[in-house]
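J.: Using the sequences provided together with the hints, build the complete structure.
Residue numbers (the numbering used here), protein chains in the order written: chain L, 16 to 265; chain G, 75 to 260.
Since the hints were derived computationally from the structure, they do not count as laboratory data.
There may be inaccurate statements among the hints.
[Unchecked claim] For each label pair, taking beta carbons as the anchor points, the in silico distance ranges come out as:
hint: 1; chain 1: L; residue 1: 81; chain 2: G; residue 2: 232; range: 32 to 40 Å
hint: 2; chain 1: G; residue 1: 211; chain 2: L; residue 2: 93; range: 45 to 53 Å
hint: 3; chain 1: G; residue 1: 164; chain 2: L; residue 2: 87; range: 27 to 35 Å
Virtual Cβ for every residue (Gly too), placed ideally from N, Cα, C.
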Amino acid sequence: MAEVTARTRSPYAPVTDTPARYAREPAGTHPALDHAPYKSTALRHPKRPLVHLPHTVTEVTGPQLRRLAGDQDNNLLVHHGGEPIGERIVVSGRVLDTEGKPLRETLVEIWQANAAGRYRHRADRWPAPLDPNFSGAGRCVTDEEGRYRFLTIKPGPYPWGNHYNAWRPAHIHFSLLGRAFAQRLVTQMYFPGDQLFPYDPIFNSVRDESARQRMICRFSIARTEPSWATAYEFDVYLRGPAATPFEGAL
Amino acid sequence: MIFGPTPSQTVGPFFAIGLPFDGGAHAAPGDVPGAITISGAVLDGAGEPVHDALVETWQADPWGRFVDLHGWGGRSDLEGFLGFARVATDENGNYVVVTVKPGPTPGPGGGAQAPHIDVSVFARGLLHRCVTRIYFADEEELNAADRVLGTVPEARRGTLLARPTDGGYRFDIRLQGPGETVFFDP
Chain L
16 MAEVTARTRS PYAPVTDTPA RYAREPAGTH PALDHAPYKS TALRHPKRPL
66 VHLPHTVTEV TGPQLRRLAG DQDNNLLVHH GGEPIGERIV VSGRVLDTEG
116 KPLRETLVEI WQANAAGRYR HRADRWPAPL DPNFSGAGRC VTDEEGRYRF
166 LTIKPGPYPW GNHYNAWRPA HIHFSLLGRA FAQRLVTQMY FPGDQLFPYD
216 PIFNSVRDES ARQRMICRFS IARTEPSWAT AYEFDVYLRG PAATPFEGAL
Chain G
75 MIFGPTPSQT VGPFFAIGLP FDGGAHAAPG DVPGAITISG AVLDGAGEPV
125 HDALVETWQA DPWGRFVDLH GWGGRSDLEG FLGFARVATD ENGNYVVVTV
175 KPGPTPGPGG GAQAPHIDVS VFARGLLHRC VTRIYFADEE ELNAADRVLG
225 TVPEARRGTL LARPTDGGYR FDIRLQGPGE TVFFDP
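T.: Below you can see the structure in the form of structure tokens.
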């Protein structure tokens, strides 16, 4: 190990479209880690104050996993012998930064329950049917305009053990790598008008009303495929560059 | 900022159907010179293993180069080096990552950063990722000069040090309670 680390480093190449630092996000954008109504947070949230992390090269770079997305991985309808049961939907949108700049060639990963609200996971034991034709996971890479597109089934709501008569609103989990470690985000996409919103501690862990709205997709008649599938649009905004070179500095 | 950022939500208990991938434990191939494992447990505030956590790591190669979109610092000479690992913890809360020790990289204020690995921890019950850094206990000199480590209260710095073991290092992640790992606001 000593031998390799002793070798001279090559000169550092210029980095063209990676900002020197990312903007710090407004308070209330992300949930507090300590959120009592969601019981699993109790023993899992750090209690000591977070330490400010300046954005060094480690934070402004990030992994590129485009190779993980195979040809048909954005189509969750075709991986088994038959068609999954449920409401076919197109879920598409753009991955952008908060300046509105599209993030091209970045990996988008999703996972979800089936139409009955059941995940194909050994720990999901509630008595709703599994669908032999639906695995519920997809991957795709954004195009030059930051666009992604999935074909899937609208997931169902499901009960969980957080409190008496607890139900999760229907949602699709989204995982975004962005350009940089600093942009890494895992979120959930919800559907418009869900009657379960007021009762869900996870959705409501985001205190800011307008921030909560950014987790809800919108119905799009324009993107609906006639005689085939309804469509929803969901744009994801990852943090953008810091406004000044000093923001985020040590 | 023109648009508000999309908020974070928990990965929940079922991420294993979507996020892990074949070879995800390998930030570097296991047969390259200097290959090591970094292993440890993710523990909750009661000291119980977190069996449904996801650990992601991101780092430079031994020469301080990153395999990002632009190949920051130049192309890595290390065949098959990715610098990124993603592993789910097992039923005992343990994770193992195969990698190489990163080299020093430029740091804030013009100094060098000690070898370190950025870590994101996701789990049911974590509404946002927890970010920490792995430093190496056997890099005392470089650690002492590292400005990020220098901002961490001295009594807690030890929680960021991976300790040498056979074939690699051990790094436990305590989400809460005695010996709580230092987490950063990234």
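J.: Taking the hints in turn, state whether each one holds.
T.: Hints, verified against the model:
1. About 38 Å separates the C-beta atoms of residue 81 (chain L) and residue 232 (chain G), a value consistent with the hinted range of 32 to 40 Å.
2. With their beta carbons about 50 Å apart, residue 211 (chain G) and residue 93 (chain L) fall inside the hinted range of 45 to 53 Å.
3. Taking 27 to 35 Å as the suggested C-beta distance range, the pair residue 164 (chain G) and residue 87 (chain L) conforms, at roughly 30 Å.
When each numbered hint is compared with the structure, no violation occurs for any of them.
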